[in-house]
Amino acid sequence: MTASQLPTRGEVRSAVTDKPETVPSRGRRKAVRGTQGRAGWLFVSPALVILVLFLVIPILLALYISFTRWTGFTTLFASNGPKWVGLSNYRQLLTTNGLTRLTFATAVRNNFWFVVFTVPLQTALSLGLAVLVNDRFLKGKSFFRTAFYFPSVTGSIAISLVFLFLFQGNGAINKILSTFGITGPNWLISTNGVFWNILSVFGVNPNNPPGWATHTFWGIRWWDWLAGPSVGMCVVIILIVWTTSGTYMLMFLAALQNVSEEVEEATLIDGATSWQRFRLVTVPMLRPTVVLVLTLGMMGTWQVFDQITIFGPNNPSIATPAYQSYAQSFNNFSFGIGAAMAFLLFLLIVVLTYLQRKLIPEDIT
Amino acid sequence: MTVVRQTPLPRRVSGYVLLIIFAIIFIGPFLIQLATSFKTPDDAASNPLSLIPNPFSVEAWKQVLGITGIANVDFPRWLGNTAFIAIVLTVGRVFLDSLAAYALARLQFPGRKLVFLLVIGTLAVPNVVLLIPRFLVIKELGLYNSYGGMILPIIADAGGIFIMRQFFLQVPVALEEAARIDGASTFRTYWSVVLPVVRPGLLTLTILSFQSSWNEFSFFLVANSDPNKYTLPVGLHQLTTGSLGSTPNFPLNMGAALLATIPLAIIFFIFQRHFTGGQLSGGVKG
Amino acid sequence: MAAIAAATCLVAAACGGGGSSGALGSGTGANLQLMIASSGPAETEAVQAAAATWGKETGNHVTVIPASDISQQLTQAFAGGSPPDMFYGSPAQFDVLASSGLLAATGGKVRDPTDFYPPLIKAFTLNNTFYCAPKDFSTLALEINTDLWQKAGLKMGDWPTTWAQLQTDAKKLTSGNVVGLVVQDTLDRVGAFMKQAGGSYQNAEGKFTFDSPQNIKGLEFVQTLAKEGVLKFPKQVNVGSGDEALGKGVAAMVVEGNWIVGDLKTNYPKIHYVVVPLPKGPAGAGTLSFTNCWGVAAASKHQAAAVSFVNYLTTTEQQLTFAGAVGVLPSRPSARAAFIEKFPAQRAFIDQADVAMPQVTTQGFAAVQASFDANIINITSLKPAQMLRQLQDFSNALGS
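The listed protein sequences correspond, in order, to chains A, B and C. Everything in the first sequence is counted per the working numbering, starting at 1 for the first residue and increasing by one. Everything in the second sequence is counted per the working numbering, starting at 1 for the first residue and increasing by one. Everything in the third sequence is counted per the working numbering, starting at 1 for the first residue and increasing by one.
Just so you know, the hints here were simulated from the structure itself, not pulled from any lab data. C-beta atoms are modelled at their ideal positions from N, C-alpha and C, and glycine is treated no differently. Treat the hints loosely; a few may be bogus.
[As the list claims (entries may be wrong)] DSS-like mimics (lysine-lysine), calculated; alpha carbons at most 27 Å apart, straight line:
no.	chain 1	residue 1	chain 2	residue 2
1	C	K235	C	K383
2	C	K207	B	K229
3	B	K62	C	K207
4	C	K207	A	K175
5	A	K83	C	K248
6	C	K383	B	K62
[As the list claims (entries may be wrong)] Chain C residues, not near chain B, derived (Cβ > 10 Å throughout):
no.	residue
7	K56
8	I65
9	Q76
10	L102
11	D112
12	W163
[Stated by the list, open to error] Quick list of the computed label-pair ranges, beta carbon to beta carbon:
no.	chain 1	residue 1	chain 2	residue 2	range
13	C	G324	A	V350	36 to 42 Å
14	C	G176	A	I176	23 to 29 Å
15	A	I176	C	G324	43 to 49 Å
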């Protein structure tokens with residue numbers, strides 16, 4: 001729960017400016033400060049040492065590594081250790097045509113479609129579930145709330161194994177589809193983009209793209225950029241939507257409960273229909289929560305890693321930058337490239353979060 | 001409630017239908033998982049959807065519980081490692097995080113603002129960026145492949161400090177003032193006066209810490225390569241992706257995944273209220 | 001102390017692998033760690049038994065560590081500064097380990113260092129240093145399900161020996177749920193067809209030659225068979241490997257290595273099949289070989305003992321034991337006759353040793369190959385020349 005538990009900007013701002021509420025009387029202030037100063041540092045230092053030693057220093061080290069070539073086999077400060085190569089790793093990832101750039105750009109493309117589908121779906125589903133569970137005329141709500149939340153409690157690897165089984169070529173999902181007369185795809189190995197598959201239904205051959213789409217951007221054809229998530233990636237999208245909706249549902253539920261307590265009674269008396277009430281009162285009041293869920297969702301989905309280690313190794317259309325950063329380092333012995341990938345991903349998340357904040361303000365005033 | 005209007009029957013019916021459909025979607029996979037763990041590999045492959053094992057087989061569970069040995073696989077040991085590490089991490093985090101959080105919430109000391117900014121700053125760093133860096137530091141400190149290397153780096157976390165600080169900020173100041181006038185030391189005030197008041201916060205932190213340490217995967221993947229120190233998530237991962245997993249044994253995979261889920265599920269059902277409460281006060285897991 | 005060691009050495013018959021390496025000593029009392037990538041209990045037990053026997057004879061002790069993912073575990077163990085004394089060294093890791101100075105140069109120190117198949121020695125040689133003794137090797141051959149063969153009206157013994165015959169037989173064998181030929185979608189299988197067409201991965205100077213016309217011809221043959229629907233990849237028939245495809249009866253023929261023998265015996269004992277050499281292409285016979293070596297870490301304090309252990313592990317007797325337990329071929333030509341006598345059904349594998357092309361060991365090639373492999377499944381809609389062109393470009397970029 002380290003990085004994923006991100007406070008909202010509002011919380012951070014208020015937290016930073018908070019004054020400690022202990023305001024000792026003028027006469028005693030100095031003495032109290034002295035003992036509090038010592039105690040304060042004493043209290044904070046164990047955690048601080050851990051954070052500095054295992055978070056701050058490591059990040060600086062990795063930043064250094066991202067400017068070097070290093071196999072990971074030698075000691076950091078030995079003469080045969082990391083070799084300074086300047087911006088070479090970043091150039092290989094961004095500008096030099098080659099496998100490294102193709103790998104990274106493909107991973108970013110995969111992750112882009114993953115985010116585009118997952119974030120809206122999980123937000124909509126969790127809001128829908130929250131509204132359902134919040135309906136005061138339905139019984140057995142706590143059972144359903146528990147049922148919807150339970151997948152969020154389980155571990156990522158354990159649940160990925162279950163999905164691996166469900167989405168086998170002749171697994172449970174395809175069995176269900178076949179009862180409706182649909183022949184399911186071979187989910188996990190399919191690398192074709194879903195948009196391609198849809199086009200091919202209309203007689204367009206995905207292997208014969210129109211001329212304009214054969215131009216490349218960042219080493220990848222536009223045709224591939226526009227292919228949509230691969231069928232394999234769809235499994236990961238379903239998995240993540242399924243496991244995160246429960247958590248976000250609880251956040252919406254808390255917001256909805258505030259709504260009903262404060263406002264709803266008033267509108268009830270006004271005689272508004274339930275749809276009007278939802279649209280005019282509930283939705284605006286939910287806005288901050290929607291923004292929070294979108295932000296958390298976006299930060300989380302750009303970092304997807306655990307599930308990829310289960311689904312991705314044999315299907316490049318599922319690999320994400322987070323996974324490639326790990327694979328480059330530990331499987332391909334290029335820690336410099338791996339570290340540079342991680343920092344570019346970090347930068348991307350920071351920029352996107354900033355843009356999102358700009359485009360969707362939290363409060364409409 | 002001032003006005004109680006009866007919702008029309010169709011709406012209630014459609015509400016229940018939706019709830020039940022979603023309940024099936026959210027719980028169904030676990031039922032299939034449970035049923036599959038009692039199937040034979042052949043039955044699991046040919047009847048993946050069936051909830052009734054035919055024939056009923058406990059072979060997978062014998063392997064999961066270590067009664068039938070499999071080369072290189074030791075689930076009971078991995079379960080023990082997971083429990084041990086999760087407990088140590090939870091105790092450590094609750095103590096260290098709340099200690100630091102109290103100082104940041106209530107104690108006036110030079111550099112306090114800077115420390116707090118640092119805590120907030122580290123919160124914003126994605127986990128993924130930390131994989132390689134943490135590996136480097138563990139390696140340089142000679143902690144690689146040791147329980148120490150798996151535990152120390154994450155025994156305090158910024159998220160926990162942040163949550164606890166929010167709880168401490170809500171405690172009335174008068175409480176500490178009274179204790180201080182009685183001449184209690186700062187630690188004593190914290191320990192016997194303030195901590196009991198924030199018990200809900202501590203419970204929340206305990207549950208969140210336990211859940212996240214129990215499920216932790218990526219950090220343990222890079223911090224250790226000794227099979228004797230595998231936790232269940234890493235062991236499960238190696239079982240399915242390593243050279244052991246050439247032909248998947250689905251009943252075994254499902255049983256082993258259940259082994260990793262059941263202890264957490266039990267704790268979840270006991271402390272349900274605090275789980276949900278914790279998520280609301282502390283943000284979300286990724 | 002030295003006297004005791006010498007005395008022990010005299011008593012132990014197998015010491016120094018027949019006594020020729022007395023100068024190296026066998027380091028009594030050493031505690032060696034050996035990390036292996038075990039294919040299953042049979043292999044683990046075979047290695048453990050060998051370790052126990054040798055340990056008893058020489059007064060050393062060997063701890064066998066079976067790794068579930070040896071590539072990752074070895075990488076992390078080396079990076080973490082605590083490598084095992086000995087390990088299965090793979091070609092994929094050989095280059096980076098040797099060039100980083102982490103691998104002890106023990107290849108030339110073992111008994112009869114020239115008594116290994118030359119391609120295997122070459123695979124573990126860097127800058128004219130023979131780093132580690134080849135453990136064993138495997139080659140690809142054609143395995144045919146004889147029941148399905150007869151059911152298709154084909155004559156026993158009339159096995160395909162040319163591409164044309166392979167194509168017609170595969171066509172006849174394809175019907176219903178049965179696919180004529182199943183081949184894993186990796187360079188490690190389709191490369192055999194490239195070799196049969198006269199192609200190669202690298203030339204004598206080590207320059208990559210993936211985009212040669214011969215290689216293109218080989219890959220185009222694979223494409224032709226795939227387009228006709230008589231060749232499929234395991235994923236397309238919902239199995240994980242060629243072994244499984246043959247075992248489950250979805251494939252009438254597969255291209256797999258000698259490991260398939262043990263695999264079928266354990267998992268699909270009822271399958272009837274034969275092993276024959278891969279059919280000849282336009283340029284004659286050709287197959288691929290895969291190998292591992294007995295790697296010794298440069299950081300190990302027990303290198304002499306390790307060399308003595310390698311000597312023991314590469315005796316004819318031990319090589320045959322592993323051949324039986326694991327399904328590998330002895331790496332020493334001197335053990336060849338005994339192998340054929342003991343395992344006549346596997347003759348096709350070892351007979352192709354001279355026409356076998358080894359894997360590429362260049363650092364970083366694994367990732368390049370992975371990007372090529374990922375496209376093979378879509379071969380019917382791709383251009384082989386383009387696939388190989390990209391493979392060539394990416395390979396050329398390695399080390400630059």
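Comparing the hints with the structure gives:
1. C/K235 to C/K383: It holds: about 21 Å lies between the C-alpha atoms, which stays within 27 Å.
2. C/K207 to B/K229: Between C/K207 and B/K229 the Cα gap is close to 43 Å, so the pair fails against 27 Å, i.e. violated.
3. B/K62 to C/K207: Between B/K62 and C/K207 the Cα gap is close to 53 Å, so the pair fails against 27 Å, i.e. violated.
4. C/K207 to A/K175: 50 Å, violated
5. A/K83 to C/K248: 51 Å, violated
6. C/K383 to B/K62: Not satisfied, since the Cα-Cα distance of roughly 50 Å exceeds 27 Å.
7. K56: 23 Å, holds
8. I65: 8 Å, violated
9. Q76: It is violated; C/Q76 is separated from chain B by about 4 Å at its closest Cβ, not greater than 10 Å.
10. L102: About 15 Å separates C/L102 from the closest Cβ of chain B, which puts it past 10 Å; holds.
11. D112: Check passes; 31 Å lies beyond 10 Å.
12. W163: 29 Å, holds
13. C/G324 to A/V350: 36 to 42 Å: At roughly 59 Å between Cβ atoms, A/V350 and C/G324 fall outside 36 to 42 Å, so the hint is violated.
14. C/G176 to A/I176: 23 to 29 Å: 25 Å, holds
15. A/I176 to C/G324: 43 to 49 Å: Given range 43 to 49 Å: holds, Cβ gap about 46 Å.
In summary, the numbered hints that this structure violates are 2, 3, 4, 5, 6, 8, 9 and 13.
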